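**Q** Position chain F against the provided structure of chain L, taking the given hints into account.
Protein chains: 2
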Amino acid sequence: MTTPLRLGIAGLGTVGAGVVKIVQGQADLLEARCGRPIRIAAVGARTRNRDRGVDLSPYGWEDDPVALAKRDDVDVYVELMGGSDGPAKASVEAALAAGKAVVTANKAMLALHGQALAEAADAAGVPLRFEAAVAGGIPCVKALLEGLAGNRVTRVMGVMNGTCNYILTRMEGAGLPYDDVFREALDLGYLEADPTLDVGGIDAGHKLAILSAIAFGQRVDFEGVTLQGIERVSIDDIRRAGDMGYRIKLLGVAQAGANGVEQSMRPTLVPADSPLGQLEGATNMVVIEGDAVGQIVLRGAGAGEGPTASAVMGDVCDIARGCAVPVFGVPAQTLAPARRAATASPHAHYLRLSLRDEPGALARVATILGEHGISIDRMRQYDHDGGDAPVLIVTHPCRPAELDAALGRIGDVPFVAGTPVALQIQGV
Amino acid sequence: MTTPLRLGIAGLGTVGAGVVKIVQGQADLLEARCGRPIRIAAVGARTRNRDRGVDLSPYGWEDDPVALAKRDDVDVYVELMGGSDGPAKASVEAALAAGKAVVTANKAMLALHGQALAEAADAAGVPLRFEAAVAGGIPCVKALLEGLAGNRVTRVMGVMNGTCNYILTRMEGAGLPYDDVFREALDLGYLEADPTLDVGGIDAGHKLAILSAIAFGQRVDFEGVTLQGIERVSIDDIRRAGDMGYRIKLLGVAQAGANGVEQSMRPTLVPADSPLGQLEGATNMVVIEGDAVGQIVLRGAGAGEGPTASAVMGDVCDIARGCAVPVFGVPAQTLAPARRAATASPHAHYLRLSLRDEPGALARVATILGEHGISIDRMRQYDHDGGDAPVLIVTHPCRPAELDAALGRIGDVPFVAGTPVALQIQGV
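Each protein sequence line maps, in turn, to chains L and F. Okay, so the first sequence: first residue is 898 according to our numbering, each after it adds one. Okay, so the second sequence: first residue is 898 according to our numbering, each after it adds one.
Here chain L stands alone, though its shape is the one from the complex (with noise of 0.2 angstroms):
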């Protein structure tokens, strides 16, 4: 089999200029390795003459994305505009609507209309890949859908928002608050153009409803997932988790109950000695659990040029090989709805408080606590150092609705200082 594979790339921002790098520079390695020729027959963005540091001039160009997803001498369209609708989206549809292969990285598409869109795939009978889409270059969504088939999976979780984990690590390394360090990450360019995508969590969140569909065999849902920023997280709390034994990260969770899935991307304690705790800066980290293999954690860089580039490629190669695999692992008309656990699981819980310096006020605190059934695994109670104390609780798993209802009643009691804050431990 030697005919090419002809590749129309829609955007050139930094990932779709590493696309065309690799096929430009790899092409006889490609070809060894796929038994075809990967080509590049045409490309498009919004600008058309700018310097993207790779030669564009061997290829046609298209302003439209519709019409160059369309093209009949594109095999594959590989869409890298980003944004959940307009262009991104209806270029995909075209190109599925007219045969062509998908590959893509754009995960607030598939966040949002991945089940339309994997529909379109399978009665089109093409493939729709989209690797780059979660975690940058970790091979996660292929060990999900094909390395890891025989298992039942039971958990996935991970770190997938490099600048995240940055600004927690900076903070944590530097001393500084949140504030100082979200502008520096702005004045670096770490952050998307709506800096909340980033920090409010967003954007994992897509990430992880994508890789929990595949996991547990559902229709995607965004809507699923209990989203909660960065934006909140102390230097104390950092500061506080770490004498306990933890790192504050922002973690995306999933996981199969009883009553259906779980999923949350959140500020969440886990300990240092971890692999999750242990992750430093921009990289991101997948854990996927599943009943044969056990735990599996993958480990990379989660975005840039280079690392998105190969997990677009590595799709395009498996595409080339006449590799198939159903979009979600699963035909997209049988993938369950999305069934939400009615009841949050129990989770251990940090727990800071400021006490007024007054006597029994720490008595009333674990008092309240233990009317809700919370017990206490561990505590602490720092000096008053001439003002409040800081209290710091680790509980024994408890539900969220339980804590919450307690957490109101300490609130209210005059002696503590400002509002508790709670932040779930995750057991890794």
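No lab work stands behind these hints: they were computed from the structure. Treat the numbers as computed from the prediction; the structure is a model and nothing was measured. We put the CB at the ideal spot given by N, CA and C, even for glycine. Be a bit skeptical, because a hint or two may be false.
[Stated by the list, open to error] Partial selection, computed: residues in chain F whose CB lies under 7 angstroms from chain L:
1. Gly-1044
2. Gly-1047
3. Gly-1191
4. Leu-1195
5. Gly-1197
**A** Using the frame of chain L, we list chain F on its own:
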């Protein structure tokens, strides 16, 4: 496509029984994911009447694995007997000759006969897959073959023998000498029937040679792996390395240089705070570095029923889905002959010497190192404590040949007690 995929499973030890359990227990899931049922047609092992915790009565039985491999009702021959030659090799050859796909966990067979078997598979036009042969449940073969297919791989590293990592971390944790922990591991049943396969680095060397073939597109070259076991790692070195910020791992490294590929499996110092350095117990880790993706780290259980069966089933699912990838990533005939690097590339080294309490002793050592062009990065001399003083030296990168020459001279001088220890340091 609802034609079942029919397996013939040879070898019903832990892994074989694990595969049967998954096929039986996850039948619906496997059918949904693969688009067709996975069935077991026949099985075989040395002993028929033994309780393996699974019901084998629905399946055909073959005493002779070659006969099993050739059965008309077998589509995929699953070889889980082990042994580089003998029945394993004969039956895999028979299966390929009969046009059956093969899945195997047999690292020794692939390390020694991988090229001939890959050519046989290509000639027959059938897949030969072996995820379970390397690092148990970690989908690292898939990552290299497929997920990272867009990369020129520059280096592959791995801790791929759980028993050795158990022994080394147990020595460190309990402060016990090698011989004691070796006997413990023996009593616990952690070692192969021939323990040299484990502690001599042979088993891990087989795995490295397999990954290396895929990574660098050359024929499997187990003979080209520089092998050193862990038998001579002392608790002293583990402690001293720790003092300098390192841990000792049985580390495999395969890297491509200008003049060929270097492969080694030997006790190596890695930074204590790196993912490799943080690896405890029997867990495995594979690190893959590519020109586009940067560094990817994969971690998981390297052995055991569930993890290994998970890897076997990943391969089975790929075959059921019709995914065909060349055995070592490119057609076997086009794999380059093994090109071994003529000279080993420079590495930082850890040296441990014992010096008698004589004036100028340390200066003499430093002078000899300097005369061989070896410069010292860090040095630490401990108390003489009445007798010989341990001296630790971390060198800047130097070539092993230069170091050997220097150590030869240092060993000869009278104030050096015993033989100097030298271990490579791998920056990770």
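**Q** Each hint should be assessed against the structure and marked as holding or not.
**A** Going down the list of hints, with the structure as the test:
1. Gly-1044: holds, 3 angstroms
2. Gly-1047: This hint holds: Gly-1047 of chain F lies near chain L, its Cβ roughly 3 angstroms from the closest one there, short of 7 angstroms.
3. Gly-1191: holds, 5 angstroms
4. Leu-1195: Where the cut-off is 7 angstroms and the nearest Cβ of chain L is about 6 angstroms from Leu-1195 of chain F, the hint holds.
5. Gly-1197: holds, 4 angstroms
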